[in-house]
Amino acid sequence: MSPRAVLAAAWQPALFLALAALPFVPDRQVGLYTQQLTPLFILALLALGLNVVVGYTGLLHLGIAAFFGIGAYAVGILTVQTFPFQLAFPLAILVGVLAAAGLGVATTAPTLRLRGDYLALVTMGFGLIIVFVIRNLGNITEGTRGLNPVTPKLLPWVADPDLRAVRPEGMGWGRYWHDYPYFYLLCLGLLGATTLLLRNLENSRLGRSWVALREDELAASCMGLNPAKLKLTAIAIGAGIAGLAGGLYAIAQQTTGGPEAYDFNRSMITLCCVILGGLGNRPGVLLGVFLLVGYDMVLTPVLDTAVQKPDFQNLFPEWMRGKQYLKVSGWRLIVFGMALILMMRFRPEGLLPAARLKHELHPGPAAAAKG
Amino acid sequence: MTPLLAADPAAAFGQFLLIGLVSGLLYALIALGYTMVYGIVELINFAHGDLFMLGCLLSLEVCLLVGARTQAEAGTAAGVAAVALMLVAAPVFCAALNIAVDRAVYRPLRTAPKLAPLVSAIGVSFVFMGVGLFWKGATDVTFPDLLGPPIPPDAVNAAPPVPANLLEGTGLRFTFKDLMVVLVTIPTMAALTVFVRYTTLGKAMRATAQNPTAAQLMGINVDRVIAATFAIGGALAGVGSVVYSLYFNTVNYQMGFQNGVYAFTAAVLGGIGNIPGAVLGGIVIGVVKTLGGAYIGSEWSEALIFAILVVILIFRPNGLLGARTREKV
Numbered sequence: 002m003s004p005r006a007v008l009a010a011a012w013q014p015a016l017f018l019a020l021a022a023l024p025f026v027p028d029r030q031v032g033l034y035t036q037q038l039t040p041l042f043i044l045a046l047l048a049l050g051l052n053v054v055v056g057y058t059g060l061l062h063l064g065i066a067a068f069f070g071i072g073a074y075a076v077g078i079l080t081v082q083t084f085p086f087q088l089a090f091p092l093a094i095l096v097g098v099l100a101a102a103g104l105g106v107a108t109t110a111p112t113l114r115l116r117g118d119y120l121a122l123v124t125m126g127f128g129l130i131i132v133f134v135i136r137n138l139g140n141i142t143e144g145t146r147g148l149n150p151v152t153p154k155l156l157p158w159v160a161d162p163d164l165r166a167v168r169p170e171g172m173g174w175g176r177y178w179h180d181y182p183y184f185y186l187l188c189l190g191l192l193g194a195t196t197l198l199l200r201n202l203e204n205s206r207l208g209r210s211w212v213a214l215r216e217d218e219l220a221a222s223c224m225g226l227n228p229a230k231l232k233l234t235a236i237a238i239g240a241g242i243a244g245l246a247g248g249l250y251a252i253a254q255q256t257t258g259g260p261e262a263y264d265f266n267r268s269m270i271t272l273c274c275v276i277l278g279g280l281g282n283r284p285g286v287l288l289g290v291f292l293l294v295g296y297d298m299v300l301t302p303v304l305d306t307a308v309q310k311p312d313f314q315n316l317f318p319e320w321m322r323g324k325q326y327l328k329v330s331g332w333r334l335i336v337f338g339m340a341l342i343l344m345m346r347f348r349p350e351g352l353l354p355a356a357r358l359k360h361e362l363h364p365g366p367a368a369a370a371k372g
Numbered sequence: 079m080t081p082l083l084a085a086d087p088a089a090a091f092g093q094f095l096l097i098g099l100v101s102g103l104l105y106a107l108i109a110l111g112y113t114m115v116y117g118i119v120e121l122i123n124f125a126h127g128d129l130f131m132l133g134c135l136l137s138l139e140v141c142l143l144v145g146a147r148t149q150a151e152a153g154t155a156a157g158v159a160a161v162a163l164m165l166v167a168a169p170v171f172c173a174a175l176n177i178a179v180d181r182a183v184y185r186p187l188r189t190a191p192k193l194a195p196l197v198s199a200i201g202v203s204f205v206f207m208g209v210g211l212f213w214k215g216a217t218d219v220t221f222p223d224l225l226g227p228p229i230p231p232d233a234v235n236a237a238p239p240v241p242a243n244l245l246e247g248t249g250l251r252f253t254f255k256d257l258m259v260v261l262v263t264i265p266t267m268a269a270l271t272v273f274v275r276y277t278t279l280g281k282a283m284r285a286t287a288q289n290p291t292a293a294q295l296m297g298i299n300v301d302r303v304i305a306a307t308f309a310i311g312g313a314l315a316g317v318g319s320v321v322y323s324l325y326f327n328t329v330n331y332q333m334g335f336q337n338g339v340y341a342f343t344a345a346v347l348g349g350i351g352n353i354p355g356a357v358l359g360g361i362v363i364g365v366v367k368t369l370g371g372a373y374i375g376s377e378w379s380e381a382l383i384f385a386i387l388v389v390i391l392i393f394r395p396n397g398l399l400g401a402r403t404r405e406k407v
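Chains F and C are the protein sequences, given in the same order. Going left to right, the first sequence walks through residues 2 to 372 as my numbering numbers them. Going left to right, the second sequence walks through residues 79 to 407 as my numbering numbers them.
Treat the hints as calculated values from the structure; they're not laboratory data. All values reported here derive from a predicted model rather than from experimental measurement. Treat the hints with care, as some may be off.
Unchecked claim - With the C-beta cut set under 7 Å, the calculated list includes, among others, these residues of chain C facing chain F: (1) Val197; (2) Phe204; (3) Val300.
Yeah, the Cβ is synthetic: ideal placement off N, Cα and C, and Gly gets one too.
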């Protein structure tokens, strides 16, 4: 094998192992930084779910956050003290995944005959409705306060082990399984497993059928594929992964948070990640999440504290100080918007394009002449 | 239930209907911009609502420049000048901005896969929101009530005066502001209909909407026609923004998304690409929103509108008038 091929085959497992090793670095500061990666993994799962729908199958879905929210609230309802269920983690998350997948199928089935842009609007409307339902059904969802504490047991019938006895000193390790670094490793493991699953799915009969459907629905159905069934499978898998991400998100935060965490903005940011990285390409999607969510959740707070120091603000005239444009967080809408516009204009295949999509969007002269 | 509802159900219903009609005309004005652009380039212009928002912020800026800062200037020379100036400035600004965005963002994507311009439009919407955030900050800003009743100069701490009721004695309230909405929106829509139906450019628009290639073969400059459509849609959003700001008296950088979705729902409801349909859809949305807010609960009225959007798209994607009138612009 050439060195390039070795690199191409090995970089993903290597990155995975490096991330898994991070909590074992005997330094408290490293631990504090590593901790911030947990939400990044969860949102990467969400983006991978959206990628199944938008990237593989070509259905523009603008409401993926709804499934994220369903997963989070299903886990919340099944585990908080105020409800009689109090299921353990595996069971609750399974119900969350199935609920999200079921809802995905139920809401997509009536829309199958719609054209692409109308489908986008229906999914957007659905996403908006879910947010209002969560907000208004206050006696189930606690409205804008959110359900808490979401701290399920790891296994049914067994009390959570107190891990203080086995943890090393001075590395910031927590006490229960849902604390850092156990939950970090769990999320990383689930992300790795999902990536593997999707890789195999891409090369399977199902994955190839999705791509065929995306490229040309008419031709695909002439070849004997069933577009309705394929689309519903895609949405079930995509929504299920989003539901998994939602459940993990609720446990990571120990609360479902308010409905704002699952609104249109979340759907859009996730879509931005998928498009920036490369529609239909797993490593691309992960890169997109790393860049955009990393910018949004990790870099922005750090830079904002730096930028708000008087030393920096005094560089500007009096009337500009403290305004939104002198905060890094103020630029986030423009950054996301410009990312979408520029990607669509100059590199619609994404930063790390899938080979097939790249060919489709930058066809050779022969294909262009054909129209 | 509101006290009004309990006292006289029939009058209350009539009042809600009236409020719904007036706000519906506002949504219709924005919906026309969606419907015209969709009719001609089949693009759901996500940024249209945020264009409307920027129009509102510009109107506010005009007020501040002219010196009409509060309701006290209502009826004075400064107040009248501010209203007149913003009725010119906002449509021109929105039209110019819409043309610029079309030229820079959408035109290069004319031959791209159909979802590319849609995603770009979402991007433009974000950028507009960011600009609005920089312009007026993150909080609600009060817009001077320049059409409200003038405040007498000696009454500083008195209760604000009640606006005059133009339908006194009928049990309904219809203020000067409501009248203003009707007086601005209806002639605008009539002018638009006349323009599309009887002028050469209007004819060119209808031709381009029906078949761009054939229109081009007939010697129509399709790019110019599309630019004109964006200009008209933007100007309508500008007019809408002036009327909206004067009517509701508060603006912020997030108002565009919500009003945009309402207006878009109106356009889809009436049959997207269909001008009378957009007006009808706007009125229906306004009435449903007001009645839903009054009788079901205001926390559900937005969800109700989105549910209408979903149901209409699924069961009748051509809209209420879409099947009968195939003519689009």
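Tested hints:
With a cut of 7 Å, the hint placing C/Val197 at the interface with chain F holds, because the nearest CB-to-CB distance is about 5 Å. Proximity of C/Phe204 to chain F holds as hinted, the smallest CB-CB distance being about 3 Å (cut-off 7 Å). For C/Val300, the interface hint is violated, since its Cβ never comes within 7 Å of a Cβ in chain F; the closest pair sits about 17 Å apart.
When the structure is compared with the earlier hints, a violation turns up for hint 3 alone.
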